[in-house]
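Undergrad: Chains A and R, in that order, are what the protein sequence lines are. If you use the numbering used here, the first sequence corresponds to residues 41 to 152, in order. If you use the numbering used here, the second sequence corresponds to residues 163 to 273, in order.
Quick caveat, the hints were computed from the structure, so don't treat them as lab data. A hint or two may mislead.
[Claimed, not checked] These stretches of chain R come out as covered by chain A in the derived footprint (C-beta under 8 angstroms, 3 or more residues):
hint: 1; region: 191-197
hint: 2; region: 200-206
hint: 3; region: 246-258
[As the list claims (entries may be wrong)] With the Cβ distance kept under 8 angstroms, some of the chain R side facing chain A (calculated, not the full set):
hint: 4; residue: Ser211
hint: 5; residue: Thr261
hint: 6; residue: Phe263
hint: 7; residue: Gly264
hint: 8; residue: Ala265
[Said to hold, decoys possible] Derived lysine to aspartate or glutamate pairs resembling EDC-like cross-links, with alpha carbons at most 20 angstroms apart:
hint: 9; chain 1: R; residue 1: Lys204; chain 2: R; residue 2: Asp244
hint: 10; chain 1: R; residue 1: Lys204; chain 2: A; residue 2: Glu64
hint: 11; chain 1: A; residue 1: Lys111; chain 2: A; residue 2: Asp70
hint: 12; chain 1: A; residue 1: Lys123; chain 2: A; residue 2: Glu55
hint: 13; chain 1: A; residue 1: Lys49; chain 2: R; residue 2: Glu205
hint: 14; chain 1: R; residue 1: Lys207; chain 2: A; residue 2: Asp145
hint: 15; chain 1: A; residue 1: Lys49; chain 2: A; residue 2: Glu112
hint: 16; chain 1: R; residue 1: Lys204; chain 2: A; residue 2: Asp145
hint: 17; chain 1: R; residue 1: Lys260; chain 2: A; residue 2: Asp70
hint: 18; chain 1: R; residue 1: Lys207; chain 2: R; residue 2: Asp219
hint: 19; chain 1: A; residue 1: Lys49; chain 2: A; residue 2: Glu64
hint: 20; chain 1: R; residue 1: Lys260; chain 2: A; residue 2: Asp94
hint: 21; chain 1: R; residue 1: Lys207; chain 2: A; residue 2: Asp78
hint: 22; chain 1: R; residue 1: Lys260; chain 2: A; residue 2: Asp136
hint: 23; chain 1: R; residue 1: Lys207; chain 2: A; residue 2: Glu64
hint: 24; chain 1: R; residue 1: Lys164; chain 2: R; residue 2: Asp256
hint: 25; chain 1: A; residue 1: Lys49; chain 2: A; residue 2: Asp145
hint: 26; chain 1: A; residue 1: Lys49; chain 2: R; residue 2: Asp201
hint: 27; chain 1: R; residue 1: Lys207; chain 2: A; residue 2: Asp136
hint: 28; chain 1: A; residue 1: Lys123; chain 2: A; residue 2: Asp99
hint: 29; chain 1: A; residue 1: Lys97; chain 2: A; residue 2: Asp70
hint: 30; chain 1: A; residue 1: Lys97; chain 2: A; residue 2: Glu109
hint: 31; chain 1: R; residue 1: Lys260; chain 2: A; residue 2: Glu102
hint: 32; chain 1: R; residue 1: Lys272; chain 2: R; residue 2: Glu177
hint: 33; chain 1: A; residue 1: Lys97; chain 2: R; residue 2: Glu165
hint: 34; chain 1: R; residue 1: Lys164; chain 2: A; residue 2: Asp99
hint: 35; chain 1: R; residue 1: Lys272; chain 2: R; residue 2: Asp239
hint: 36; chain 1: A; residue 1: Lys97; chain 2: A; residue 2: Asp78
hint: 37; chain 1: R; residue 1: Lys241; chain 2: R; residue 2: Glu177
hint: 38; chain 1: A; residue 1: Lys97; chain 2: R; residue 2: Asp256
hint: 39; chain 1: R; residue 1: Lys241; chain 2: R; residue 2: Glu218
hint: 40; chain 1: A; residue 1: Lys123; chain 2: A; residue 2: Glu102
No residue lacks a Cβ here, since even glycine has one placed at the ideal position from N, Cα and C.
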Amino acid sequence: DGGITQSPKYLFRKEGQNVTLSCEQNLNHDAMYWYRQDPGQGLRLIYYSQIVNDFQKGDIAEGYSVSREKKESFPLTVTSAQKNPTAFYLCASGTDSNQPQHFGDGTRLSIL
Amino acid sequence: RKEVEQDPGPFNVPEGATVAFNCTYSNSASQSFFWYRQDCRKEPKLLMSVYSSGNEDGRFTAQLNRASQYISLLIRDSKLSDSATYLCVVGAWDGGFKTIFGAGTRLFVKA
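Same shape as in the complex, but just chain A (with noise of 0.2 angstroms):
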């Protein structure tokens, strides 16, 4: 069955930790994404990769990173550098970046 897996679906960050959110893709997309949505709010992108070993920064980079070693997976860590990381965080695929993409359920991080 394919698709986007993110995990966790809760994520606890304590003050001054990293965490990192998974997001795994079996569709064979050359494209990913990672999204932010503050409740009430729409997408706001964080990074994107076009293709493997290479990642551009988006709108609200700042106190993120990411890697893309594998074209399957995406990871997003948040540094504490993020001061505000309290958000629902969406990874989406594409085939490239003129088509729909295709979302993961989520990740919710909150602060401890």
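Using the hints provided, position chain R relative to the given structure of chain A.
TA: Here is chain R on its own, set in the frame of chain A:
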């Protein structure tokens, strides 16, 4: 001006009603257009792509007006299950390809 603008609503309609949402975009070089649906506390799901000639999928009709830079979504015979937030999404070249999500329009369909 926001790159993609939608009326946040909420739209409250009775079952069986027809409801229409508009979305305006600022970049005249925009190339791809989509409508997504997002249920509360869930991920967005693609509802339909929007083509230049307009397209229909069952009760849903999408249209694109490039001259006025807006896209629309029409829902006929609304069902309770149509209650959700509808996101307008626009793709354009802007020093690299960008996909911009609107903040969404909230729809409540009541019995």
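Undergrad: None of the hints should be skipped; say for each whether it holds.
TA: For each hint, the structure was consulted:
1. Counting residues of the region 191-197 of chain R whose CB lies closer than 8 angstroms to any CB of chain A gives 3, which reaches the minimum of 3, so the coverage claim holds.
2. Check result for the region 200-206 of chain R against chain A: holds, 4 residues qualifying (beta carbon to beta carbon below 8 angstroms, three or more required).
3. Coverage of the region 246-258 of chain R by chain A holds [criterion: at least 3 residues with CB-CB distance below 8 angstroms; count 4].
4. Because the beta carbon of Ser211 (chain R) sits about 6 angstroms from the nearest beta carbon in chain A, less than 8 angstroms, this interface hint is met.
5. With its C-beta approaching chain A no nearer than about 7 angstroms, Thr261 (chain R) sits inside the 8 angstroms limit, and its interface hint holds.
6. Annotation: interface hint on Phe263 (chain R) holds; nearest CB of chain A at approximately 4 angstroms, less than 8 angstroms.
7. Residue-level restraint check for Gly264 (chain R) holds (minimum Cβ-Cβ distance to chain A is 6 angstroms; threshold 8 angstroms).
8. The beta carbon of Ala265 (chain R) is positioned within 8 angstroms of a beta carbon in chain A (closest approach about 4 angstroms), and the interface hint is therefore held.
9. For the proposed pair Lys204 (chain R) and Asp244 (chain R), the alpha carbon gap of about 14 angstroms is at most 20 angstroms, so the pair holds.
10. A hinted pair counts as satisfied when its Cα atoms are at most 20 angstroms apart, and Lys204 (chain R) with Glu64 (chain A) qualifies at roughly 18 angstroms.
11. As the CA atoms of Lys111 (chain A) and Asp70 (chain A) are separated by approximately 7 angstroms, the hinted pair is consistent with the 20 angstroms bound.
12. Restraint check: the Cα-Cα separation between Lys123 (chain A) and Glu55 (chain A) comes to about 9 angstroms, which is no more than 20 angstroms; the hinted pair holds.
13. For the suggested pair Lys49 (chain A) and Glu205 (chain R), the alpha carbons sit about 12 angstroms apart, so the restraint of at most 20 angstroms is met.
14. Proposed proximity of Lys207 (chain R) and Asp145 (chain A) is supported: the alpha carbons are some 10 angstroms apart, at most 20 angstroms.
15. This hinted pair checks out: Lys49 (chain A) and Glu112 (chain A) have alpha carbons roughly 19 angstroms apart, not beyond 20 angstroms.
16. Taking the CA atoms of Lys204 (chain R) and Asp145 (chain A), the gap is about 6 angstroms. The hint holds against a cut of 20 angstroms.
17. Restraint check for Lys260 (chain R) and Asp70 (chain A): satisfied, since their Cα atoms lie roughly 15 angstroms apart, inside the 20 angstroms limit.
18. With a C-alpha separation of about 15 angstroms, the suggested pairing of Lys207 (chain R) with Asp219 (chain R) holds against the 20 angstroms cut-off.
19. A threshold of 20 angstroms between alpha carbons decides the hint, and for Lys49 (chain A) with Glu64 (chain A) the separation of about 13 angstroms falls inside it, so the pair holds.
20. Taken as a hint, the Lys260 (chain R) and Asp94 (chain A) pair is honoured in the structure, with Cα atoms around 16 angstroms apart against an allowance of 20 angstroms.
21. The suggested pairing of Lys207 (chain R) with Asp78 (chain A) holds, with an alpha-carbon distance near 18 angstroms, which does not exceed 20 angstroms.
22. A hinted pair counts as satisfied when its Cα atoms are at most 20 angstroms apart, and Lys260 (chain R) with Asp136 (chain A) qualifies at roughly 11 angstroms.
23. For the hint pairing Lys207 (chain R) with Glu64 (chain A), the CA-to-CA distance comes to about 17 angstroms; that is within 20 angstroms, so the pair holds.
24. For the hint linking Lys164 (chain R) to Asp256 (chain R), the alpha-carbon distance of about 15 angstroms falls within 20 angstroms, and the restraint holds.
25. With a C-alpha separation of about 8 angstroms, the suggested pair Lys49 (chain A) and Asp145 (chain A) falls inside the 20 angstroms cut-off, and the hint holds.
26. A hinted pair counts as satisfied when its Cα atoms are at most 20 angstroms apart, and Lys49 (chain A) with Asp201 (chain R) qualifies at roughly 16 angstroms.
27. Between Lys207 (chain R) and Asp136 (chain A) the CA atoms are separated by roughly 17 angstroms; this keeps the pair inside 20 angstroms, and the hint holds.
28. Proximity of Lys123 (chain A) to Asp99 (chain A) is assessed by CA-CA distance (about 16 angstroms); at most 20 angstroms being required, the pair is judged to hold.
29. Proposed proximity of Lys97 (chain A) and Asp70 (chain A) is supported: the alpha carbons are some 17 angstroms apart, at most 20 angstroms.
30. At most 20 angstroms may separate the alpha-carbon atoms for a hinted pair to count; Lys97 (chain A) and Glu109 (chain A) meet this at roughly 16 angstroms.
31. Between Lys260 (chain R) and Glu102 (chain A) the alpha-carbon distance is near 18 angstroms, which keeps this suggested pair within the 20 angstroms criterion.
32. Between Lys272 (chain R) and Glu177 (chain R) the CA atoms are separated by roughly 6 angstroms; this keeps the pair inside 20 angstroms, and the hint holds.
33. Distance hint between Lys97 (chain A) and Glu165 (chain R) is fulfilled; the C-alpha atoms sit about 18 angstroms from each other, no more than 20 angstroms.
34. Our distance criterion of 20 angstroms between C-alpha atoms is met by Lys164 (chain R) and Asp99 (chain A), whose separation comes to about 14 angstroms.
35. Straight-line distance between C-alpha atoms of Lys272 (chain R) and Asp239 (chain R) comes to about 12 angstroms, which keeps the hinted pair within the 20 angstroms bound.
36. About 19 angstroms separates the Cα atoms of Lys97 (chain A) and Asp78 (chain A), which keeps this hinted pair within 20 angstroms; it holds.
37. For the hint linking Lys241 (chain R) to Glu177 (chain R), the alpha-carbon distance of about 5 angstroms falls within 20 angstroms, and the restraint holds.
38. With a CA separation close to 14 angstroms, the supplied pair Lys97 (chain A) and Asp256 (chain R) stays within the 20 angstroms bound.
39. Proximity of Lys241 (chain R) to Glu218 (chain R) is assessed by CA-CA distance (about 17 angstroms); at most 20 angstroms being required, the pair is judged to hold.
40. With a C-alpha separation of about 10 angstroms, the suggested pair Lys123 (chain A) and Glu102 (chain A) falls inside the 20 angstroms cut-off, and the hint holds.
Checked against the numbered hints listed earlier, the structure breaks none of them; every hint is satisfied.
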